[in-house]
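Going down the list, the sequences are from chains A and B.
Following this note's numbering, the numbering of the first sequence begins with 1 at its first residue and continues without gaps.
Following this note's numbering, the numbering of the second sequence begins with 1 at its first residue and continues without gaps.
Hints listed in this document are in silico derivations from the structure and should not be mistaken for laboratory results.
The reader is advised that the hints may include incorrect statements.
Calculated pairs, SDA-like style, for lysine to any residue (alpha carbon to alpha carbon, straight line, at most 25 Å) [what the hints assert, rightly or not]:
id, chain 1, residue 1, chain 2, residue 2
1, A, LYS159, B, LYS48
2, B, LYS78, A, ALA413
3, B, LYS71, A, GLU223
4, A, LYS255, B, ASN60
5, A, LYS159, A, TRP121
6, B, LYS3, A, ALA413
7, A, LYS279, A, GLU223
8, B, LYS48, B, GLU37
9, B, LYS35, A, ILE373
10, B, LYS99, A, PRO199
11, B, LYS68, A, SER259
12, A, LYS255, B, THR77
13, B, LYS58, A, GLU223
14, B, LYS35, B, ASN60
15, B, LYS58, B, PRO44
16, B, LYS3, A, PRO193
17, B, LYS58, A, GLY261
18, B, LYS48, A, GLU265
19, B, LYS68, A, GLY261
20, B, LYS100, A, GLU210
The calculated label-pair distances, taken between Cβ atoms and stated as ranges, are [stated by the list, open to error]:
id, chain 1, residue 1, chain 2, residue 2, range
21, B, ALA41, A, GLY319, 54 to 60 Å
22, B, ASP14, A, PRO270, 24 to 30 Å
23, A, TRP383, B, LYS3, 32 to 38 Å
24, B, LYS4, A, GLU323, 47 to 53 Å
In this text, a Cβ means the ideal position worked out from N, Cα and C, and glycines have one as well.
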Amino acid sequence: MKRIVILGAGTGGTVMANLLRQRLDPAFWAITVVDRDTNHYYQPGFLFIPFGMYTPKQIVKDRGKLLSKQVEFVVAEIEGVDAAKSEVRVAGGEALPYDILVVATGTDIVPSETPGLLDGWRDTIFDFYTKDGSAALARKLETFKGGTLAIHIVEMPIKCPVAPLEFTFLSDSYFTRRKLRDAVDIVYVTPLPGAFTKPVAAAALGALLEERKIRVVPDFGTERVDAAARKVIGYDGREVPYDLLVTIPTNMGAKVIESSGLGDELRFIPTDTKTLRSKAHENIFVIGDATNLPSSKAGSVVHFQAEILAENVQRAIEGKPLEEKFDGHANCFVETGRGKAILIDFNYEVEPLPGRFPFPVIGPMSLLKPSRINHWGKLAFRWIYWNMMLKGRPIPFVPNQMSMAGKRRPAGAQQTKPAR
Amino acid sequence: MPKKQFGTVAVDVDEEGFLTDFAQWTREVAAAIAKEEGIAALTPAHWKVIEFMQKEFKENGQVPSIRKLNKSGVVSTKELYDLFPGGPAKKAAKIAGMKKPEGCV
């Protein structure tokens, strides 16, 4: 009996376990998934919890129930990966030898990377990237009567890079609804050159920020936070005062990636951009947020990677050359407030463009333009996530590789040569 | 695509003056961009940063982050801000002939 070990039972680990189970004969291949706990969160839902649009109970299911019955699920802390011996050590159990390892350990926020950030933690400083953080922020927002709300990104890359913008737009709507908008100064603090950095998106959506009276502080490299004085201090000496800081702390991969010597400076695993095989080890594959790929860290990206990776794992088993098929495709609904959202569809080389999706002309979704149907699409996605995506079913009309059908490149918009 | 003339060399750039083709980069171009960005002369400390960034870019196809520069021991983050005042990630990338740091939208 040969064995595939999958580290992590989040989006990537679950879908890979289910897809590989469909492909590989259980008589010859065992599949073992390891995770430290049993709660699978629908992570896009964290965005809605601070505004009372979802409750924490609505976005959690049992990890084990989302996995095929013919997959072994081990609940234990992963203590280490010995790549030379092809073996995983778990707390309180025997070593798990593997023929193929799939790493899906994701990314997490690490507030301790920024001096001072933990001083005001869950007092005047909050996150919405965790269950506890988003629930605590919901309680805080209910009692917030006015002042400066700073939405702040410490450094890139982060999971779901549009989430801070969505939070910003939803905050504007939330305080407008509560008739407090005039009392709240909303400021968006980013290490990037702007809230929108892609030329076509910036031209199409830049006015939204001004229209909603959102101040943008660009190119801000955070050195530290002075929680007592309630200000964020930049390396260049700039200071951003706040009354409520909603921060996206440094994102890093799992600690075990670092301690096993598999990661880069952010504990992400150097991964081939097209085949999704680890650069260092032939029998290690990586999916989703755990990779160091320049694609977005997002659930849709995992979905597009999954089928390609399953095919490549099978090819590796059969000794065939791997397919170089992953193109960096991402497809994300982005809340813009006031009951609307935009849809973006892009890959490594093509920036988000306007148009219609998935069908030219008829859509029904509109790309890069706020619409109600996009917002409904975002809300409907929770059902699709639990019932289709995690089971490894294709989502109708949404191909794994990006399609140009329905997209328009505005006159004058240029395409930058890919890095290689 | 806009072109920009630096001394004897013409290079393709985007609207903000970032090179769109890394292959067109030369040290002369770097010095000229640096001047435009308010850095009168590129010192050995600047070159150490530029060369590290380019090595990483060629190996991984990605512009290294400030964290990576810091962790690699090439330059501390504070020094980086002194060398490339007002947004080192953006300025150093521009001088090194690479794309500007960007998000997904």
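Against the structure, the hints come out as follows:
| no. | hint | result |
| --- | --- | --- |
| 1 | A:LYS159 with B:LYS48 | violated, 31 Å |
| 2 | B:LYS78 with A:ALA413 | violated, 36 Å |
| 3 | B:LYS71 with A:GLU223 | holds, 15 Å |
| 4 | A:LYS255 with B:ASN60 | holds, 23 Å |
| 5 | A:LYS159 with A:TRP121 | holds, 20 Å |
| 6 | B:LYS3 with A:ALA413 | holds, 15 Å |
| 7 | A:LYS279 with A:GLU223 | violated, 32 Å |
| 8 | B:LYS48 with B:GLU37 | holds, 18 Å |
| 9 | B:LYS35 with A:ILE373 | violated, 49 Å |
| 10 | B:LYS99 with A:PRO199 | holds, 13 Å |
| 11 | B:LYS68 with A:SER259 | holds, 18 Å |
| 12 | A:LYS255 with B:THR77 | holds, 23 Å |
| 13 | B:LYS58 with A:GLU223 | violated, 29 Å |
| 14 | B:LYS35 with B:ASN60 | violated, 28 Å |
| 15 | B:LYS58 with B:PRO44 | holds, 21 Å |
| 16 | B:LYS3 with A:PRO193 | holds, 22 Å |
| 17 | B:LYS58 with A:GLY261 | holds, 23 Å |
| 18 | B:LYS48 with A:GLU265 | holds, 19 Å |
| 19 | B:LYS68 with A:GLY261 | holds, 16 Å |
| 20 | B:LYS100 with A:GLU210 | holds, 23 Å |
| 21 | B:ALA41 with A:GLY319: 54 to 60 Å | holds, 56 Å |
| 22 | B:ASP14 with A:PRO270: 24 to 30 Å | holds, 28 Å |
| 23 | A:TRP383 with B:LYS3: 32 to 38 Å | violated, 51 Å |
| 24 | B:LYS4 with A:GLU323: 47 to 53 Å | violated, 40 Å |
Of the hints listed earlier, those the structure fails to meet are numbers 1, 2, 7, 9, 13, 14, 23, 24, in rising order.
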